[in-house]
Amino acid sequence: MLTLEGVHAYYGKSHILHGVTFDIAPGEIVALLGRNGSGRSTTAKAIMGMVKVEGALRWKQQSILYHKPYEIARMGIGYVPENREIFPNLTVHQNLLLGQKRSRSIGRWTFDDMYAMFPRLKERQHTDAGVLSGGEQQMLTLCRTLMGDPDLIIIDEPTEGLAPKIVELVGAYILRLKERGISVLLIEQKLTIAMSVSDRALVMGHGQIVFSGTPAALENAPAVRAEWLEV
Amino acid sequence: MNTAFIVISLMNGISYGLLLFMLSAGLTLIFSMMGVLNFAHASFYMLGAYFAYSLMGVIGFWPALIIAPLAVGLIGALFERYSLRRVHRFGHVAELLITFGLSYLVLEVVQLLWGRAAVPYALPPALQGTLFTLYDIQFPKSRSFIMLVAVLMLVAVWLLLTRTRIGLIIQAALKNPEMVEALGHNVPRVFMFVFGGGAALAALAGAIAGNTYVTEPSMAAAVGSIIFVVVVVGGMGSLSGAFVASLLIGIVQTFAVALDISVATVLQPLGISVSPQIFGYALLSLTISQMAPILPYLFLVLILIFRPNGLLGTERG
Numbered sequence: 001m002l003t004l005e006g007v008h009a010y011y012g013k014s015h016i017l018h019g020v021t022f023d024i025a026p027g028e029i030v031a032l033l034g035r036n037g038s039g040r041s042t043t044a045k046a047i048m049g050m051v052k053v054e055g056a057l058r059w060k061q062q063s064i065l066y067h068k069p070y071e072i073a074r075m076g077i078g079y080v081p082e083n084r085e086i087f088p089n090l091t092v093h094q095n096l097l098l099g100q101k102r103s104r105s106i107g108r109w110t111f112d113d114m115y116a117m118f119p120r121l122k123e124r125q126h127t128d129a130g131v132l133s134g135g136e137q138q139m140l141t142l143c144r145t146l147m148g149d150p151d152l153i154i155i156d157e158p159t160e161g162l163a164p165k166i167v168e169l170v171g172a173y174i175l176r177l178k179e180r181g182i183s184v185l186l187i188e189q190k191l192t193i194a195m196s197v198s199d200r201a202l203v204m205g206h207g208q209i210v211f212s213g214t215p216a217a218l219e220n221a222p223a224v225r226a227e228w229l230e231v
Numbered sequence: 001m002n003t004a005f006i007v008i009s010l011m012n013g014i015s016y017g018l019l020l021f022m023l024s025a026g027l028t029l030i031f032s033m034m035g036v037l038n039f040a041h042a043s044f045y046m047l048g049a050y051f052a053y054s055l056m057g058v059i060g061f062w063p064a065l066i067i068a069p070l071a072v073g074l075i076g077a078l079f080e081r082y083s084l085r086r087v088h089r090f091g092h093v094a095e096l097l098i099t100f101g102l103s104y105l106v107l108e109v110v111q112l113l114w115g116r117a118a119v120p121y122a123l124p125p126a127l128q129g130t131l132f133t134l135y136d137i138q139f140p141k142s143r144s145f146i147m148l149v150a151v152l153m154l155v156a157v158w159l160l161l162t163r164t165r166i167g168l169i170i171q172a173a174l175k176n177p178e179m180v181e182a183l184g185h186n187v188p189r190v191f192m193f194v195f196g197g198g199a200a201l202a203a204l205a206g207a208i209a210g211n212t213y214v215t216e217p218s219m220a221a222a223v224g225s226i227i228f229v230v231v232v233v234g235g236m237g238s239l240s241g242a243f244v245a246s247l248l249i250g251i252v253q254t255f256a257v258a259l260d261i262s263v264a265t266v267l268q269p270l271g272i273s274v275s276p277q278i279f280g281y282a283l284l285s286l287t288i289s290q291m292a293p294i295l296p297y298l299f300l301v302l303i304l305i306f307r308p309n310g311l312l313g314t315e316r317g
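Protein sequence lines correspond, in order, to chains A and B. Residue numbers for the first sequence follow this note's numbering, beginning at 1 and rising by one. Residue numbers for the second sequence follow this note's numbering, beginning at 1 and rising by one.
Treat the hints as calculated values from the structure; they're not laboratory data. A portion of the hints provided could be inaccurate.
[Stated by the list, open to error] Think about it this way: if two alpha-carbon atoms lie no more than 20 Å apart in a straight line, the pair counts; the simulated DMTMM-like pairs of lysine to aspartate or glutamate are: (1) K175/B x E85/A; (2) K52/A x D260/B; (3) K175/B x D149/A.
[Stated by the list, open to error] Computed list of chain A residues with no C-beta within reach of chain B, every gap over 12 Å: (4) G99; (5) E123; (6) S133; (7) E168.
Ideal placement from N, C-alpha and C gives every residue a C-beta, glycine not left out.
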């Protein structure tokens, strides 16, 4: 479904990704793990066309290299950024509306689905998103991206700074996506949630993929964890 | 100072302030969204006046009032699409310089096509004459028309920004264009729309101010610096701030122009006469009306010292 082959990415003159290669199958949850600065978020931005990229980037057999972020989003790739980036001066409902790519979007997801998944958002639908708690803002960003009806959703550090109970909610949300046939690229630093929900784990280091296998295989590779993951 | 003077000066001030708002609304939106301080904004105002003047001779004033802003808006959109967007990757200095260049280009083209003198852009019969007279002071219809158009424009922009999907996208893109684009919205096209819309609003202001005041090549420079003051005083990127600052500057300037009071005239009833031999006579005998042109800039300096984000602006990252 999504294929990266020898992808190099740059921030200005800084060379961040050094030949990243992996793919994601339909309905698959892939965890992208690694320490800070290993290139995980840049990989997400490279897929979304937000940084300068070289190599091969294909989505449903079609090259998406040099496509603009909005074109890539319209092709069916959703992106939940690391720092949530809600629109603070708009209400919860308006934030969700912005997730829809067209005014009369007929996607897999409705407002009712979102509010059923996270009832707290329904209670606060007319509240400015800027006053929501960190957990509520995370729920809102996840739901906002879903309103765009993506086939693949890239979620960057969704559990960062969240209470354990909210982290559980996020895990349940990711499994719910899988039930509906949506692929997920889950960028995480915490092993726990990534290992419990993903089908496959990739480990990044120095801008390259240094491990690819099942969560069980990663569990049984203490050397990989020690060198590339543990602090 | 009698009631009639206050009422008429206030109305003149509001009328001028609303005109400034029509100009600064587009400027502040463009700045907020694109980070570009558009030096050519007042040139679109001038083009609006000249286009309306030329079109009036062919299709009449009222159709010209609609066509001229649309034509200037189209020019603005094309400028953004084929010029500003291309230099975007070179940073804000390049963008600033290109708008600076455009302002000179427009000025030269206007002088080539319409000459260096003022053109006879007359008011249509419906806008000639006085709307009302208060104790022998007249309030012209043309100024009330400026007020009407500005209020209608304000309501239209407000409805567009708060009640439509495109308005929602614009509001979000004002804060975080990258995220809006990642959600699948064509932000570059939204930028073009806002730039073109801002140019059209400036042109509409030019089309109605051109025959109320005067249509000449220096008209852009006359308001150009004032609208920058409005945008900075109101708070860069704040539409409501621009509204408050426009009215404030419009009213202050209008009252100041009408006040022939100096320190010397205030001291006279107290028995202190200020003669040319006294030290500082030049300063003491300066009237408020003489100082009126510098008041907005004085205000600008004070705001930058005591409230750098403007009256209603928020701190920018």
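Holds or violated: are the alpha carbons of K175/B and E85/A at most 20 Å from each other?
holds, 10 Å
Check the non-interface label on E168/A: least C-beta distance to chain B beyond 12 Å or not.
At about 26 Å from chain B, E168/A clears the 12 Å cut-off, so the statement holds.
Least C-beta distance between E123/A and chain B, which was stated to exceed 12 Å
holds, 22 Å
Can you confirm whether the C-alpha distance between K175/B and D149/A stays at or below 20 Å?
Roughly 24 Å separates the two Cα atoms, so the pair is violated.
Beyond 12 Å from every Cβ of chain B: is that where the Cβ of S133/A lies?
Non-interface label on S133/A holds, nearest chain B Cβ at 20 Å vs cutoff 12 Å.
May I ask you to check that G99/A keeps its beta-carbon over 12 Å from the closest beta-carbon of chain B?
violated, 6 Å
Given pair status - D260/B, K52/A, alpha carbons within 20 Å
Judged against 20 Å, a Cα distance of about 63 Å means the pair is violated.
Against the hints set out earlier in the document, violations occur for numbers 2, 3, 4.
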